[in-house]
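Could you build all of it, start to finish, from the sequences and the hints given here?
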Amino acid sequence: MTRHSSGASALQSGDAGTERTLPMGVDNIGFMLERLGSDCDDLQFLRELTKNSIDAESSQIIWDVDWNLWEASEGRLYKLCCIDNGRGMDGNEMIRYINQLSSSIHSQSHDGNYGVGAKIAAATRNPAGLIYQSWTDGRGSMIQLWKDPRSGDYGLRQFEREDGTFGYWQPIGGPSMLDTDALKVSDIIREHGTRVVLLGTGDAHNTIEPPEGAGIPSRWVNRYLSTRYFRFPKGIEVKTREGWKAEPDSKSNLLRGVRGQGAYLDANSVDHGVARLPQCKAHWWILKTREERQEAPELITTGHFAALYRDELYELRTARGGMALLQQFGVLFGHDRVVLYVEPTNGDSARITSNTARTQLLRDNQSLPYADWAADFRDAMPAQIRNHVDSVIAGSGSDSHQDSIKERLNNYEKLYRLSRYRPRRGGSFAMEEPMLGRRRSRRQRNKEDGGETGRSRGKHSDTAGSLLASMLAEEGRSAEEASKGLAIPSTQWISLEDGTRAEGEIEDRAAKFLREDNLIKINADFRGFGDMVDYWCDQRGVDRGHQAIVDIVHEWFEQALIETVMGCQDLQGAQHWDPDELDRALSEESLTAAVMQRYHVANAIKRAIGARMGSFRTEEEVAVEAAR
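So in our numbering, spot 38 of the sequence shown is number 38, and the numbers just go up one at a time.
Derived by calculation from the structure, the hints in this document are not laboratory data.
Every clue listed holds true.
Listed next, with one range per pair, are the computed distances between beta-carbon atoms:
#, residue 1, residue 2, range
1, Pro-369, Asp-538, 49 to 55 angstroms
2, Ala-487, Ile-216, 44 to 50 angstroms
3, Leu-415, Thr-356, 54 to 60 angstroms
4, Ala-263, Met-566, 45 to 51 angstroms
5, Val-274, Gly-614, 54 to 60 angstroms
6, Ser-73, Phe-166, 25 to 31 angstroms
7, Lys-414, Ser-391, 36 to 42 angstroms
Taking lysine to aspartate or glutamate pairs in the EDC-like style, the calculated list, with each CA pair at most 20 angstroms apart, reads:
#, residue 1, residue 2
8, Lys-245, Asp-203
9, Lys-239, Glu-312
10, Lys-414, Glu-563
11, Lys-251, Asp-64
12, Lys-406, Asp-551
13, Lys-239, Asp-64
14, Lys-147, Asp-39
15, Lys-51, Glu-315
16, Lys-239, Asp-249
17, Lys-281, Asp-311
18, Lys-281, Asp-266
19, Lys-414, Asp-403
20, Lys-239, Glu-295
21, Lys-234, Asp-266
22, Lys-51, Glu-237
23, Lys-281, Asp-379
24, Lys-288, Glu-497
25, Lys-147, Asp-203
26, Lys-234, Asp-55
27, Lys-406, Asp-517
28, Lys-51, Asp-41
29, Lys-51, Glu-312
30, Lys-51, Glu-93
31, Lys-606, Asp-551
32, Lys-414, Asp-570
33, Lys-281, Glu-343
34, Lys-147, Glu-160
35, Lys-245, Glu-71
36, Lys-239, Glu-57
37, Lys-606, Asp-538
38, Lys-234, Glu-57
Quick reminder that beta carbons are idealized off the backbone N, C-alpha and C, glycines included.
Structure below.
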């Protein structure tokens, strides 16, 4: 018999031998379940139970009211249930698959099924229980997964059966149960299938009503599934109940089919395709105009962005979030008609998974690299999308003020460059702490240092931030001012009227700066600009919206925004300006603040109006003159 002389030799052997391992257990599993459940969206259970039905090889899946329970309670209890005609489970299978936290009919895998979804997303929101009723080969069984109100434990409720025995599953049928056929849904469950009833927090909880914040309350289940699934597998029909409180036979109380986003996008786009990028496929659609598109309240019918994986949509972004990502991918204008789904590929050996809550896709356990994919998409942007963006700009009819603004700014080019230096022999200034932007002439430096040379004086901090300054001072090297040309950002005025601004885009904000494109999008609908136009139209006695005055007002506000962006960009790389601080300085709110001044802009506008339309005095000036 071999005996290990020490623990170290046992570790070095790498051979388990005849030793056994005690598997790790879980203490207080209820805490773990609720902690994981808190990471899930309130509607995540809809996806999990639907996916279970798909995996059970169902051809029909219905989200409905449990009408049997409704009738038995004389119309008092409305409980949501998920019904499918899949292969079903017997009582022992339900105990095995439902009462184990990480157990599934399908094999577990990192990129597939974890076996925890419905348990963490549904059970934690239904402490009164999930009732599973399942049929296989015509025989029915039932279990109840609940949170025991006495112990607080999650698990299967014990039943007393008709023969006096106890168990954790109950055969459906017999004198104390509803008739087996009555428990089934007509034309859905015949010899096999499953129904899951969600009891919520108790009898008073109406689980067919949507959780707070759910979109389209009358169609909330359809809305979620339609925007969660891109397409359902071929041969599977999914329906959801709406209008459940109306009379059962009325037209408003009905089952509506769930399409998924894919079918709608294909039918309501003028063009679509796939851009194959190094690490993903970018599926794109250019939607028809709003007037031409079909109405579908349960679907997203305007431009948006999402990640696509195995026909499911993750990280869906609409409204401002969707616009920001579309602009990052180069769709600068007309994004309210562009849909982009990026589908990661495994071609580069990267492993694609999702987090446990199924809310986020991961690539090698990291967030998806949208910035890298955006750069690839810009380089390979389909011509159809480029043409769409160009047509939106061309249709705006806005005049460019770039040439006149650039001519004015070039006269003061040096004022738009903050002091910044680089080493050079024979330069006019001595280098000190370079990030502080301080400069001293050689004569001034010698005077302040008591005539000492840089070599004898050079005591500097040994940190990385001052290393260059130390080297320069010890060598007695000088420097010259760094020079660079003006990087004047381009501009584009946008508005709802000409279709260049989407509903909600920079709403009540003056402008937005797109760093990757060095472009300022200026909101012509911003009331600050409109008020200035109205003021000068009134002063000149012309109709409001006079085009010459609009052009002049826009030009001077445009220049103010250009100057603000140029000045802030010059702070890049400064010691005390982190990238996120610079982003805040160039945010929509900061750019709005930059144009809220009035006095200097108004004077510039007055002079420009006078030069173009003839000099005049304002009502205020006339009043002041009269008072004298």
